[in-house]
Amino acid sequence: MGYGRYIVVRVLNALLVLVIAVFLVSLIFSSVADRELRAQIEEQIAAQMKNPELLKIFSVNKTARDIWYQTQKEILYKRYGLDKPLLQRVMSRAIDQLKLDMGKSHTLRSATGSSDVSRIILEALPRTILLFTTATIIVTIIGLILGLKAAQRAGSMLDKSLSIFALITYSFPMWWVGMLAIIVFSYYLDLLPSGGMTSIPPPEGTLERVADIIYHMILPVSTAVLVSFGGWAYTARSVVLSQFQEDYVMAARAKGVPERKVLYKHVLRAAAPPIVTMMVFGLLGSLGGAMISEIVFNWPGMGRLYWIALQEHDVPVLLGNTTFSIILYLASLVIMDLIYGLLDPRVKVGAQVAV
Amino acid sequence: MRWEDFKASLSDFWFEFRREKSGIVGMVILIFFIVLAVFAPYIAPADASAHWRDVPYWQNLPRAVPPAWTNVFSTKKKPPHLILQPASTDVRQMGQITENTFVFEYDFTYDDYPTDLMLLISANVTDPAKPPTLVLTVTRPDGTTVDLVSTKLAGSGVGEQRLLISSLKDFKARLVGFAREYENPEVASTLEYQLIDPMRILFSEAKEGIMTAKGAVPLKGKYVFTAKVYTFNPADEISEPKLVMAGKVYGLLGTDTLRRDLFSGLVWGTRVSLAVGIVSSVLTTLIGVVYGVASAYFGGWTDEAMQRVAEIVASIPVLPLLIIIFEFYKPTIWPVIILMTLFSWPGTNKVVRSMGFQLKEMQYVEAARALGAGGRWIILRHMMPQILPYVFASIALGVPGYVLLEAGLSFLGLGDVSRVTWGQILHDAQGSAAALNGMWWWVVPPGLAIAMLGLSFALLGSALNKILSPKMRTL
Amino acid sequence: MPLLEVRNLKAYYLTSRGPVKAVDNVSFDLERGESLGLAGESGCGKSTLGFALINLLPPPGKIVDGSIKIDGIEVVGKPDEELRREVRWKKISMIFQGAMNALNPVLTIGDQLSEPLIYHQGVSKEEATERVKEHLELVGLDPDIYKRYPHELSGGMKQRAVIAMALLEHPDVIIADEPTTALDVIVQAQILNLLKSLKKKLNLSIIFISHDLAVISEIADRLAIMYAGEIVEIGPSENLYLNPRHPYTQKLLGAIPRLKKKVERLEFIPGAPPNLIHPPSGCRFHPRCPYRFEPCDKEEPPFIEVEPGHYVRCHLFAKR
Ligand SMILES: Nc1ncnc2c1ncn2[C@@H]1O[C@H](COP(=O)(O)OP(=O)(O)O)[C@@H](O)[C@H]1O
Ligand code: SF4
Ligand SMILES: [Mg+2]
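Residue numbers (this note's numbering), protein chains in the order written: chain P, 1 to 355; chain W, 356 to 830; chain F, 831 to 1150.
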């Protein structure tokens, strides 16, 4: 197939999923929102009809009342787009979302004072990415090293404790561990800030600011790492171990390849693609957990935006945040696909040559 | 596979399972939770779940206090939650006026003070314009007597009334007045009135320091509370008076800021988590299995198309979509379950499909087809028994994910609001900044329950996997 | 002195449920330039014997007893590092089953084939590449294939590459474990022809393992039949093929067309292929033997020479 084509296919696939998912969101939203909108319009007209002059006219002429009511309704339906069929409304809403034209928030403002939903979210997005990528990189490194060590010494104390640790943390809610971390490290030990991204007010100077942000990242990042690294290490371990059972390992040993080379050249290279595949699931699973954890740590990213939008029932923010979450999720997926393609010659080089 | 073989492999399986320690541990934890869920109405108040959001329901409990057993680890004994019955009752008729006297005795032997003082009383009032009047006095162990409050009861209606005496203005004013007689006037004048705790004054030695947190010394001994309730109509009835000393500790797991008993919440929450976890996982696995088997069985273009669909479903991000659905439809528990399964079956489908392909290649399925058996018969008769072991492991391993997902949605404030869930308890904890205020008893148990329930299934699943996977390899 | 001398070899898998006696008390010789066919239904321990010979049993497999001498050198008990440097691939190499998994999917053919030369003989990369290309040509492949990845080759091409890999260091003994099993019939014939011609050209000594007697008889000078971890009959190919003595061999040969189905079916009845943790007492074949008689389930049958070089492990041939 070739790497180039592979990339194109994966990106197209992600775009297709994006369109489907955003369409679904619009559909879900529209079906409920329309009902509410209609009710609101009825109320609005009823309120207008209380106008004494109108009432005077209507008391004389009943048909005038009906006609007035109908025209009023039509005007408002038109204004809110309710005169078009549902599917069309869903489509145009989905297209607006995809164009990042997400309307205005009625509760939130961006740092520059804009109430544009996409502005607000674009401000939160990098913060989420910062936290999530940092945690992911650390987890990957720790996970791979530990997993490899455990696989090399399968059955050892290290291996067994790793398996148990992974099993236990497998079912820990990351955000709950965050709450515990705050109780221990902020409340009792008073070592680390309990939340936020910067001190208030933030310190002067770029270097100080960066240090301040890092200081605020310690607790959320450590929480994510603590909860995730066991599972990643266990995954890496299992993949490496299963590679050790492959025939080519025996073949390499039989050929007289030294044990170190068997591990680092044969097993690791071959384990890389399946490890990436397995980790995609872990990664995307922990994206949700990480976003919820933001709430606990009051980290001003997309997760906390969800919290606020849900508390305030700020629908435009909720929808926009959902679209951006889907984009973030699919972008991560594509990145993992790209890495996979680089590691697996079956993708990189392409298919079988003719015999 | 014949039935006898199936039975044999089942007993074989049980033999091996008993040797997997982790599986047994998982089983024990799971049984514990199942017992909690099944006997919830007997372990905790039967109506606790339905009333979880009913604030008045919980008003008789202390607010945001740790569990009672924390006393064991602390040198400072904190007062538990006590509901006092009257030690003596007396009724005097004075013309139209009736005087009901109730005497309560409270043995105060603690190093800390109760959080609140409440009076519960049933009053049947005939004339709302003439509500009964309450006068409460206390005689302390040192012999001093303080008039605490005189106040009116609610004038209308029948049934139990609840007076939060310790939050009445009168109560505080009188106790502060009492304390001023003993406190160093300089100290007394600098104190901010807001920060003075009347309950502390009530139970402290009458000497300098009584008004400050640092200076006050608990006065231990017998406190006699005398409640006189005057009614102004002979038909009025006063009954079942109770004096509540809201403790600084309560029950097995303490209370939250809405005075709810967290133990009840935890016990009732088990039902939701268990049901959601198990049913979702079973459903997902079944959908995945049926889809995968069908895909493998038909093969060719059908298979290709079905797998494309599965791939798309698999890459739809579940959480954002569920958030939207939950926010706009506010579903109850069963739709919640179905919604969660809707996006999660492709994984199972993939595994089952490849197993199905392997099985399909095997001669005996071919042979069965040659003999003219129908497609469904082949699948049920040959594929299913082989796939079954995988199904069990997959169900068990899927549960923690759903428990976590449900908890996460509840934590966001979504999900079924008609019953209590662990995630909701944590949602409220987050809303009240429980972690920031060190209220560990509110944060730790629900999360631990989520983790343990998940762990039990993870242990079971990995034990199943360990036992079953070598068999899978010989397929 | 025979090139390969195996005596009372026992290779067990030490599992938690007890040792799986996959190779139990196996003895045989292999002369230079000779090919020995090893046959038996699947699960009888053929591959285990092959792995034991190159001293690379997959865990928890272990050689628990016996001796293997290659060219007079005892290899059982030799430290792993010495085996790696002196014995493996130089003296004994292996053509792996199926070819699909013996090649690492993420490394090029050239990379994998040149490994033994680089790690054993300290050959430079360029020289190794040259030698690999020569050997690729020897097995009938385009030498340019050395820069390809395994997935780019067809099954037959991969099998040829694996054969080339086994020949690289001109070992004394080559073990071929089911080299044609996963291939379709035409390719299977091509590979067999290749092996036959290579054997003649290079005077190879081969142990050829297969569950398919028809395949084996084409290439083997001598035949050994395994059942439940033991060699039950061994002798010159033609003798054994035309005049099988052991009841199991007779069943195997007499029922080739019918047998295939039968064996497959047996595999689905749990416990039917003998359990190698608790193999049947006496003669291991007795539960399925139509001729079994009084001593069969009690005494282990001795190895009896029924004609020169033709041995059978069966009570029927014991002199009484
Ligand atoms: N890693 C292992 N652990 C335990 N038993 C094994 C292992 N590998 C093979 N066996 C058992 O050893 C016996 C012989 O296997 P094998 O040598 O692969 O047979 P063959 O190659 O003749 O088909 C079989 O009964 C098999 O179940
Ligand atoms: S020893 Fe007995 S049971 Fe075994 S093969 Fe010979 S006759 Fe049959
Ligand atoms: Mg084999």
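Misleading hints may appear alongside valid ones.
[Stated by the list, open to error] For lysine to aspartate or glutamate, the following EDC-like pairs were computed, each having C-alpha atoms within a straight-line distance of at most 20 Å:
#1 P:Lys261 x F:Glu912
#2 P:Lys160 x W:Glu595
#3 W:Lys821 x P:Asp159
#4 P:Lys261 x F:Glu911
#5 W:Lys821 x P:Glu246
#6 F:Lys920 x P:Glu259
#7 W:Lys432 x W:Asp552
#8 P:Lys261 x F:Asp974
[Stated by the list, open to error] Listed next, the stretches of chain W that the computed footprint assigns to chain P, with coverage defined by at least 3 CB atoms under 8 Å from CB atoms of chain P:
#9 630-638
#10 677-685
#11 774-788
#12 797-804
#13 810-816
Everything labelled a hint here was simulated from the structure, so no lab data went into it. For each residue, glycine too, the CB sits at the ideal point set by N, CA and C.
Exercise for the section: Examine the region 774-788 of chain W for residues whose CB is less than 8 Å from any CB of chain P, and state whether their number is three or more. Expected result: holds (count 3)
Exercise for the section: Count the residues of the region 677-685 of chain W whose CB lies closer than 8 Å to any CB of chain P, then report whether that count reaches three. Expected result: holds (count 6)
Practice task
Check, residue by residue, whether the region 797-804 of chain W contains three or more positions whose beta-carbon lies closer than 8 Å to a beta-carbon of chain P, and give the verdict.
Solution key: holds (count 4)
Exercise for the section: With a cut-off of 20 Å on the C-alpha distance, tell me whether P:Lys261 and F:Asp974 pass. Expected result: Violated. P:Lys261 to F:Asp974 sits at ~25 Å, over the 20 Å cutoff.
Practice task
Sort out whether F:Glu911 lies within 20 Å of P:Lys261, counting only the CA atoms.
Solution key: 14 Å, holds
Exercise for the section: Three residues minimum, CB to CB under 8 Å: does the region 630-638 of chain W make the cut for coverage by chain P? Let me know. Expected result: Answer violated; 0 residues pass the 8 Å Cβ test.
Exercise for the section: Would you mind confirming whether the straight-line C-alpha gap from W:Lys821 to P:Glu246 stays at or under 20 Å? Expected result: 19 Å, holds
Exercise for the section: Take a quick look at whether P:Lys160 and W:Glu595 sit within 20 Å of each other, Cα to Cα. Expected result: Violated - the C-alpha atoms of W:Glu595 and P:Lys160 are around 61 Å apart, more than 20 Å.
Handout entry: Restraint status (C-alpha distance of F:Lys920 to P:Glu259 at most 20 Å)
Key = Given that 20 Å is the threshold and the Cα spacing comes to 17 Å, the pair holds.
Exercise for the section: Closer than 8 Å, Cβ to Cβ, for at least three residues: run that test on the region 810-816 of chain W against chain P and report holds or violated. Expected result: holds (count 4)
Problem - Restraint status (C-alpha distance of W:Lys821 to P:Asp159 at most 20 Å) - result: 16 Å, holds
Practice task
Would you mind confirming whether the straight-line C-alpha gap from W:Lys432 to W:Asp552 stays at or under 20 Å?
Solution key: Holds - the C-alpha atoms of W:Asp552 and W:Lys432 are around 19 Å apart, at most 20 Å.
Of the numbered hints given earlier, the model fails hints 2, 8, 9; all others are met.
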